[in-house]
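Engineer: Sequences listed follow chains A and B, in order. To convert a position in the first sequence, counted from 1, into this note's numbering, add 141. To convert a position in the second sequence, counted from 1, into this note's numbering, add 141.
These are computed hints drawn from the structure, not numbers from a lab.
If chains are identical, the list can't say which one is meant, so a pair holds when it fits in one copy or spans any two.
The calculated SDA-like cross-link candidates involving lysine to any residue, where the alpha carbons are at most 20 Å apart (straight line), are: (1) Lys166 <-> Gly227; (2) Lys166 <-> Glu249; (3) Lys166 <-> Arg182; (4) Lys166 <-> Arg181; (5) Lys166 <-> Ile197; (6) Lys166 <-> Leu146; (7) Lys166 <-> Gly298; (8) Lys166 <-> Ala260; (9) Lys166 <-> Gly297.
Protein chains: 2
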Amino acid sequence: DRQPLPDGIGERLAAQLRFIAEADKLKTILRASPLAAADRRENDAEHSWHLALMVILLAEYADEPIDVGHAVRLVVIHDLVEIYAGDSPVFVPGAAADQVEREEAAAERLFGLLPADQAAEIRALWDEFEAGRTPEARFGKAMDRLEPMLLNWLDGGGTWQLPGATESTVRAREAGVVAGSTSLGSFTGQLVDEGLRRGWIRPDEA
Amino acid sequence: DRQPLPDGIGERLAAQLRFIAEADKLKTILRASPLAAADRRENDAEHSWHLALMVILLAEYADEPIDVGHAVRLVVIHDLVEIYAGDSPVFVPGAAADQVEREEAAAERLFGLLPADQAAEIRALWDEFEAGRTPEARFGKAMDRLEPMLLNWLDGGGTWQLPGATESTVRAREAGVVAGSTSLGSFTGQLVDEGLRRGWIRPDEA
Ligand SMILES: [Ca+2]
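Please take these sequences and the hints and turn them into a complete structure.
Structural biologist: Right, dumping it as C-alpha cells:
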C-alpha cells in the first residue's frame, strides 16, 4: 500500500530510494530493552541512533585510536538486517537459534536492493562490524553492548529480569564492552556488581 | 524515577553518561511526519537515524564533495535541542514562533550537561548545521528536507495535508534540498509536481 516512486527517475537513484523506503521498517523492529524516557521498548532505529551518539561522545575511551566517522557509519547500518531477520534478544533462551543464517539471508535480500557497488560497500561495512575486524568495529560493538546495560540500569532492571539473564550471561555481555574499551568495560563491571548487590541481576545458582 | 548512576565513576564519564541518558528523551519527541512502515508518527531519534543512513547512501549527489563521516555526525546531533524545545512542525501555522530562541536556550541547557570541551564541540557542530556553513551541513539539511518529503510521498499525502501546507510552503522545503544537491532537488521537484497533479498537495489559491 506504499505509493511507488513516480516514473522518470534514473534506475540508480530509484534503487537507492527504494532501499531507503524499505529501511523505514527498522523503526518497527522492537528490541527487548526498555527506554529510559518512556514506558515502552526501544526499536532498532532509535537504538542505532543512540549508538551513533555514544560513539561520538565516548570515542576517547576506545583502547585503540578510531576514525569516529567510520565507527558511526558502522553502527548506523549494523542492525539493518533485522528488518528481515528480526531482533534476537540475548536473554530469551532459543531466540538466537539460526541467527547467523537468518541474518546472512537477510543481508543478501536487503543489500541486494541497492546498486551493485553500494550493495558491496554496505555488505563490507556490515561484515566488518559483525567480525569485529577493526578498532572501529570493536568500539561500535562495545557501544552495542553498553547501551542496553545503561538502559537496564536506568530502568532498575530491564532485560536483566528476563528468564535467561543471570550473572554469567550478563558478564558475557560485559566482555563485549571490555573488548573495545578497558575503561568503559570497567564501568560496566561496576554496573553489574552493583546490579547484583541490588538484586536486579540474579546470581547463577539462584 | 530513573536510577542515578552508581558512585565512584569519574566526574567526566559520569557527565557524559548523564547526557547520554538524557538524550534518550529524543525517542519521545514526535514529529508530524508519518512512518512509511507503520501507522504512527515518526520520532526525532528515528528521523535522525534515517538521515544518517541517507547521507551514507546518497552522498554521491552532493553538489560539493563531502566528508561523509562528518556529515553523519551533524545529522546525528542536529535535533537534540528538541528534547527541551520540542519539534516545530513546518506546516502548522504558529508552531515555529520563538523557535530560534527556544532552541538556543535548549542548546545552552542540554549541551551544558557535557564536560566543557565536549559541550563546545557539540555546540559547534550544531551551529555549523543550523547555519548551513559547510558542504556537509548543506547536504545534511538537504536530507532533513528530503526525508519527510519521501515519507509524505510513500504515505500518499502525509503532512502535505496539514492546514498550513500549500504548493508554495512545500516548494520552500524543496528549496532546502536544492541548496545541497541539484539532482536530488530536481527529484524532489518531480515529487511535488506529481503530488500536485494527484491532489496530495493543495495549490496556493485553493
Ligand atoms: Ca544488535
